[in-house]
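Student: Chain residues, written in single-letter form:
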Amino acid sequence: MFGRKGIKRMLLRSKWVHHYQRGSDVVLFHALTGEALFGSSALLCLFHSFPGQDVLSQGHPGFKRGESDAVVGRLCSKKMLVLSPSEDDGMADSLLEKADGFFKGRNRLSLLSTDACNLRCRYCYVRNKDHSPTLMTVDTARRTVDYFFRLTGRQGDERELHFHGGEPLLNLPAVFAAADRALELQGEEFSAGLSLSLTTNGVLLDEEAARQFAKRGVRISVSLDGPPDVHDVYRRSKEGQGSCEQARRAIELLRAEGVDVQIACTLTPEVLSSWDRVVSYFVDEVGVDSVIIGTLLLSSSGEKGMSSEMSEGRSAGAAIRSVIGAAEKNRFEDIDILPRIRAFSKKRVYLKSCAATGGQMAVDPAGNIGPCHGLLGESRYFPRNVFRDYDEDIGANEMFVEWSRRSPLRFPVCRRCPAIGICGGGCPASALRDSGDIWAVDRRTCWLVKPLHEWLMWRVFDQDERRSEGDVRLGRK
Amino acid sequence: MTKAQKLVFLPLLQVLMSFVGGARPVMAADLQVREPSDNAYLTVISVAHAGEEGSRPIGRPCAVTGVRG
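Residue numbers (this note's numbering), protein chains in the order written: chain A, 1 to 477; chain B, 1001 to 1069.
Just so you know, the hints here were simulated from the structure itself, not pulled from any lab data. What you are looking at is a predicted structure, and each value in this text was computed from that prediction instead of being measured. Each residue gets a CB set at the ideal place from its N, CA and C atoms; glycine is no exception. Accuracy of the hints is not assured; some may be wrong.
Said to hold, decoys possible - Ranges between beta-carbon positions, derived for each pair:
(1) B:D1038 - A:G240: 31 to 39 Å
(2) B:D1038 - A:E184: 17 to 25 Å
(3) A:R410 - B:N1039: 47 to 55 Å
(4) A:R331 - B:N1039: 19 to 27 Å
(5) A:H131 - B:D1038: 52 to 60 Å
(6) A:P133 - B:N1039: 30 to 38 Å
(7) B:N1039 - A:V413: 16 to 24 Å
(8) A:L44 - B:D1038: 17 to 25 Å
(9) A:E402 - B:N1039: 39 to 47 Å
(10) A:P228 - B:D1038: 39 to 47 Å
All chains should be built: construct the whole structure from the sequences, respecting the hints.
Tutor: Okay, here's the thing in structure tokens:
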């Protein structure tokens, strides 16, 4: 129906295609499929000749027709050249269809047993901690779990009940009541898995509490940022005393009772600059090699105390190298870098990086329900209540629907970003606090994700090149 | 233009254009492309495909703030 000339005129460059250039090397890739072609500037030159010039019928200047035809064929098969803009849009639409909605494949309850905390960590996201504290009642805790079970687990997906706050150990009766109720309902239902976990600063933990956690199978994450001179920079009491030794003691108590315990380390500039010493402290001194690292990207009340180094983005490369090095040598995990690398390695789009955009409900000490624990203390983001609105499905609530639609694929500026495939959209609460709107770009995530993506692409390039050379040496080509 | 004329003038024109534009003419030999294997992605770092489901972080309070406790 169409001659070569006609096809050439119809082929368009996909808007999801970007490139990185390093000297004469070029990586041309599709941001959503993860597919790539490696070559030189000639590849770019050919790609950018679309649409328009009649390369196929006359040959590209400098290219033999057969060679350019073969590359054009590869560009088409990788959807880098498409027949219409709708082909491009259709790809984004089908991803969004998969991503939209609530409690799809992920069911998480973030139970905030109190808004109070015994520490005043400089980077904490909870605002207004000096007001009179609210403690969740045992009734509210049980009702919250009932509500969560009513809404979730229909498709057999695992339920995750996580306790934090504030400091959850300030209200252990509510924590244990919720855990018991969840285990009770789980025993009746047998339909889906259940995981119970709690994050604590460890200061208030005693032997009895450790025993109770062990009995209920609650996994504990203790916040520890390194040895005292590193940890205590941010994590201090109201009186300004460091909390490192208490956190370490809590880890020992929990391990003695057989609790599955993990260190939660926030990657602050101070942690980063002492990274090798921090790793050695965790592994050799504390004796825990199960560490989960979170890169410090958001600080609200704590911003005044932040070093500008992290926020200005000079240390993104150092953060990436540190996390990967620790993950390769030890059992370290992280929540910002490794999940994105895993999506990249499987050429899978990392659709959402925040549980609050589709799989989480947070319930504050008064039983109010909102999407994000990070907004604790801001009542307008907790629009429903486990008593008043018990029969309502929050997945249909306007605010939850809006949050669940928040995807980088819906941000015009992000649709032009080469790293959109591994971004996940970042943190709506961070965007809200920076710009007053969850639909603002969370630039702190761009800081990390853009260099990460480029680093990954070149890493694949280099590894693949080494492998190709090896094949030639071995006579396999 | 005859085939013989093309053979003489087109390469000459390319070289001249490269001086004007300051760039080396693009040659057919440059259009070598490599297609990375799936394995090159899977092994991008040694732990890329390990532990995704097995060692999920405890609690995973927030994917972005990284702040807990």
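Student: If you check the beta carbons of R331 of chain A and N1039 of chain B, does the distance land in 19 to 27 Å?
Tutor: holds (24 Å)
Student: If you check the beta carbons of P133 of chain A and N1039 of chain B, does the distance land in 30 to 38 Å?
Tutor: Violated: the Cβ-Cβ distance is about 54 Å, outside 30 to 38 Å.
Student: That 17 to 25 Å hint for L44 of chain A and D1038 of chain B (C-beta), does it hold up?
Tutor: At roughly 24 Å between Cβ atoms, D1038 of chain B and L44 of chain A fall inside 17 to 25 Å, so the hint holds.
Student: 47 to 55 Å was suggested as the range; check whether the CB atoms of R410 of chain A and N1039 of chain B agree with it.
Tutor: violated (33 Å)
Student: Does the hinted range 39 to 47 Å hold for E402 of chain A and N1039 of chain B at CB?
Tutor: Holds, since E402 of chain A and N1039 of chain B (Cβ atoms, about 41 Å apart) stay within the stated range.
Student: Between P228 of chain A and D1038 of chain B, does the beta-carbon spacing fit 39 to 47 Å?
Tutor: Because 46 Å falls inside the window, the suggested range holds.
Student: Starting from the range 16 to 24 Å, see whether the pair N1039 of chain B and V413 of chain A falls in it by beta-carbon distance.
Tutor: violated (34 Å)
Student: Is 17 to 25 Å a correct range for the gap between the Cβ atoms of D1038 of chain B and E184 of chain A?
Tutor: For E184 of chain A against D1038 of chain B, whose Cβ atoms are near 46 Å apart, the range 17 to 25 Å is violated.
Student: Given the hint of 52 to 60 Å, is the C-beta distance from H131 of chain A to D1038 of chain B inside that range or not?
Tutor: holds (54 Å)
Student: Tell me if the beta carbons of D1038 of chain B and G240 of chain A are separated by a distance inside 31 to 39 Å.
Tutor: At roughly 53 Å between Cβ atoms, G240 of chain A and D1038 of chain B fall outside 31 to 39 Å, so the hint is violated.
Going down the numbered hints, you'll see the structure goes against 1, 2, 3, 6 and 7, while the others check out.
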